[in-house]
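Protein chains: 4
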Amino acid sequence: MGITLSGDQYGKAENRVVRIYRDTPRHEIRDLNVGTALRGAFTEAYTVGDQGAVLPTDTQKQTCYAFAKEKGIATIEQYGLDLATHFVDTVDPVSGARIEIEEYAWQRVLVDGTEHDHTWVRRGQETRTADIIVDDSDGTRRTWVIGGFSDLVILKSTGSEFHGFPTDKYTILEPTTDRVMATSLVAKWRFSTVYVDWDAVYDDVKTIMVAQFATLQSKALQQTLFAMGSAVLEAHPEIVEVRLSAPNKHHFVYDLSPFGLDNPNEVFHADDRPYGLIQAAVSRDDAPDAGPAWIPQRTWLT
Amino acid sequence: MGITLSGDQYGKAENRVVRIYRDTPRHEIRDLNVGTALRGAFTEAYTVGDQGAVLPTDTQKQTCYAFAKEKGIATIEQYGLDLATHFVDTVDPVSGARIEIEEYAWQRVLVDGTEHDHTWVRRGQETRTADIIVDDSDGTRRTWVIGGFSDLVILKSTGSEFHGFPTDKYTILEPTTDRVMATSLVAKWRFSTVYVDWDAVYDDVKTIMVAQFATLQSKALQQTLFAMGSAVLEAHPEIVEVRLSAPNKHHFVYDLSPFGLDNPNEVFHADDRPYGLIQAAVSRDDAPDAGPAWIPQRTWLT
Amino acid sequence: MGITLSGDQYGKAENRVVRIYRDTPRHEIRDLNVGTALRGAFTEAYTVGDQGAVLPTDTQKQTCYAFAKEKGIATIEQYGLDLATHFVDTVDPVSGARIEIEEYAWQRVLVDGTEHDHTWVRRGQETRTADIIVDDSDGTRRTWVIGGFSDLVILKSTGSEFHGFPTDKYTILEPTTDRVMATSLVAKWRFSTVYVDWDAVYDDVKTIMVAQFATLQSKALQQTLFAMGSAVLEAHPEIVEVRLSAPNKHHFVYDLSPFGLDNPNEVFHADDRPYGLIQAAVSRDDAPDAGPAWIPQRTWLT
Amino acid sequence: MGITLSGDQYGKAENRVVRIYRDTPRHEIRDLNVGTALRGAFTEAYTVGDQGAVLPTDTQKQTCYAFAKEKGIATIEQYGLDLATHFVDTVDPVSGARIEIEEYAWQRVLVDGTEHDHTWVRRGQETRTADIIVDDSDGTRRTWVIGGFSDLVILKSTGSEFHGFPTDKYTILEPTTDRVMATSLVAKWRFSTVYVDWDAVYDDVKTIMVAQFATLQSKALQQTLFAMGSAVLEAHPEIVEVRLSAPNKHHFVYDLSPFGLDNPNEVFHADDRPYGLIQAAVSRDDAPDAGPAWIPQRTWLT
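Those sequence lines, one after another, are chains A, B, C and D.
Heads up, the first sequence is in UniProt numbering, so the first residue is 1 and it goes up one at a time.
Heads up, the second sequence is in UniProt numbering, so the first residue is 1 and it goes up one at a time.
Heads up, the third sequence is in UniProt numbering, so the first residue is 1 and it goes up one at a time.
Heads up, the fourth sequence is in UniProt numbering, so the first residue is 1 and it goes up one at a time.
Each hint should be verified, as a subset may be incorrect.
Put simply, identical chains are the same to the list, so a pair is met inside one copy or across any two.
Unchecked claim - Straight-line distance between alpha carbons at most 27 Å, and here's what the computed DSSO-like set of lysine-lysine pairs gives:
1. K249 to K69
2. K249 to K169
3. K219 to K249
4. K169 to K219
5. K69 to K169
6. K71 to K169
Hints are computed from structural coordinates only; laboratory data are not their basis.
Quick caveat, the model's predicted, so the values are computed rather than measured.
My request is simple: use the sequences and hints to build the entire structure.
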């Protein structure tokens, strides 16, 4: 029987790198969770246990922390490009590298109405993410950058409908023309270039998505997601694909009629499970090939 | 052998009550996690299984949702007072009630620079809490309100020292005059009255604590906590006790010397476990008796 | 205004100590999560930032790991006694120490039907706990040991009733004579002595509690808890108090009638939140004073 | 600009279905977390909000609970096949369905040494999983079944080496010939048929993997994973591919030398983050096409 190894990658996940810039009294902070994954000619490590080609995951970790000083962390996209390029360029058996980064945002505290120089509270909203992939496996250098965020919890208390759906013998849902719509959005967008003002684009993409969510009279979460993705593609030529995954966090109108109380969409139970789950990709027709860009490391099999 | 039952309480934990105010196009939202616990003459339920005195926890749940409509949720403190008073006043065997509330804050999204009427994103920072206790067990009505927050993640990148400590044979820690200090603060403050502008006091207490954390040149997290609590007591005569629990979230200066790199407090590893844990109560000398106010429900035994 | 500091304690939480005994080819493993908390004359650290009396939490951590070698970990109770006694005996300003331990159980894997010498899988069930408190604050040495477990998830599919309860205007619950009863039990038991066969007692207490849960025809979770606690007190004279906290993990009979299906307690929805929460202490009438034994460290304020 | 929708799917995630079989006094229990995802001609829902083809996620939920009664849950694989086939066969616009199931195992409690008829404790170890995919999108019915488990926490205290690796300027790791190796394994295996004794194969696959982990003198986690996957393929002709993802849960030998203590691999610190992460697929050379089988629902974008 022939057995083939495929799709193997290895790395160091969840390096908690914090970088303080303190060249002036007004410090800056970057707070990251960094994962590295290397792909390449590692078959012998699997088949016979030969580590001769396996740069230790500990070394990958050291590199993450060292680069925070040597290269700095201007943006997570640039820092990820530095790391991925380094591994592919300098480590012989490595033909591909994937860097997955989460960034936790902080905001300066106000003291007497003034932003403090070196104290922050963590902004809890969405987590900014970046996936950077550099690949040499077919002899040609290719690079992908995917920006994104996870866990943007957003809710609208009206302006959402759901009706006109088909029914079968298991359908008891009542149609509605006014409901709460809430989600904890994961969004990722793929760039066709690395010449990007990463921070500015991030802010604008988030602004566009939030505005679409708020202003579209929604006939379904599907429609809202498509509108969010399309609006980003229309505004940002450097983005070629947007992927969205949105749990429908159900807010059920609570039945207060046993207590003689009317409840015109005022009191809700926020349920945990189950939840709807809506997912889609929206891409330009001329989007270049995504290659391995969408194959994750940390959640590869889960 | 004589066996005694004591400290029994029962209730419904984690009711996820969401209340939308939609009397005008500009909606308002209150998003709560509510727990109820009743104390009283319930011994027979334990000893012989007689439910004749046990108002079902399901009824407690229904009451939470019904009161969100009937009484409304102006503030979590007032809503909690309404619930606790109701249970003690109307349910015969109940001599005491405890209501524990967490409130998740939302902020309006901006669309074209303007706050939207009915769309919000969840502010992720601290969770506001309230514990309301009403007790009739000795024939006299007593009421306690404890305001608070949990999980305020705050960090200062300088202005913190730790030195001058004793050493023993297991001490290898080096003293430092400049370190990162970070915590995820839990704070609770006990009021001596219910005639309080709850929202205004909450905002001010948080502002005071944050300012103390930022501006005090700290010789230890202990000192910072004491300053935070004392400053609140000095500014708010209606508050008689402040309790604080602060994990010392260690940010270790990463050793970059093997790579020929200097690291003057610029690159850190944010470690998960273990962590220091510093706790204290700061109270007025003339604070009235706390009675059962500090005995929690959800974390009573954990 | 006079301000008083009280209840202060500090320590190192969640030290993840793993001890392998490898004196023979058949290894043994102890896998712990250890917290230390010291109480004593530390006021100056809070009020003026003087660390002269503050044994660093880092030192407490080092001691945990060093004692795993020096004293060993025969049982978590004995290891905790060693640590608590050490801190009170050898560190001058310390008048009290609290050690909180969780132990994760492992079981040997079977290879060809035989227990393997040095490979285990983690048993996921309940987590064994111990709280050890040594106190000298009034000049007399007192010691408390509390055994326990958390998160024993247990379910019975019949043999549980709930009826005969009072009703009010918010009561819509229907009485039942047959329901699923499930909980994730936290139990702690206080010893009056340290001369105990800790492992044997732990096993027996768990066995007794499980048997009571299984065999008692339950009229309420309250009754089941009381029976569990009482049975332990009756069988173990060295235990003087049992505390129990039990979420009522609701399994709702799913309404299949819209689909023309009968559902005689066969298909359930396991709901997350809210849940009932029932708590009580059962103690001997002649139980000695608990002192500070029940004041936790890690969950002191949460 | 042309914009294309792709990869869209929607469904109801995390239905917590519990099924009790009570035809005899000796009850049986199946405790599941079920997700459904449908693929097909849903473009109009995205582009113009037309729900005419969108079977509600609520209906999918109802079907999960109804099928627990109508079809029963003999195994999660069969139950998933019933659900997936139903959606593709009976709902017109649906051309593909994916069912993702987690099963929580319970074991009967012992009372006086005898297994109890209707009381269980949850076995906490690994969670058994199944992914069932039915696809008609190209006019031909294709079916895939993937068995698996997540979170099998397994540790060996010797029999693991790591040396012979390449070094660069960021490498400071020391080689070792004896270390603790621990992981929390996720494994999934793809079947080429649906005519399988699902429970028997599950048990045997787990047994094989555990035995390989225990007995192979490991030169790297990579080698161990490959051996585990290969051994499964060799023993089970009905399995054509095995995927494995294994965090290297680091157990660092604690440095006790400052305290004059030797530590020959006896005392460890179990670290949380970062962790190594090793992943690979092992497949037969003649494995049939996997189609969409490996594209997950719940973790599609995270």
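So, going through the hints one by one against the coordinates:
{"no.": "1", "hint": "K249 to K69", "in the structure": "between (41 Å within a copy, 22 Å between copies)"}
{"no.": "2", "hint": "K249 to K169", "in the structure": "within (25 Å within a copy, 30 Å between copies)"}
{"no.": "3", "hint": "K219 to K249", "in the structure": "within (16 Å within a copy, 36 Å between copies)"}
{"no.": "4", "hint": "K169 to K219", "in the structure": "within (23 Å within a copy, 38 Å between copies)"}
{"no.": "5", "hint": "K69 to K169", "in the structure": "between (63 Å within a copy, 15 Å between copies)"}
{"no.": "6", "hint": "K71 to K169", "in the structure": "between (61 Å within a copy, 15 Å between copies)"}
The structure shown violates none of the earlier numbered hints.
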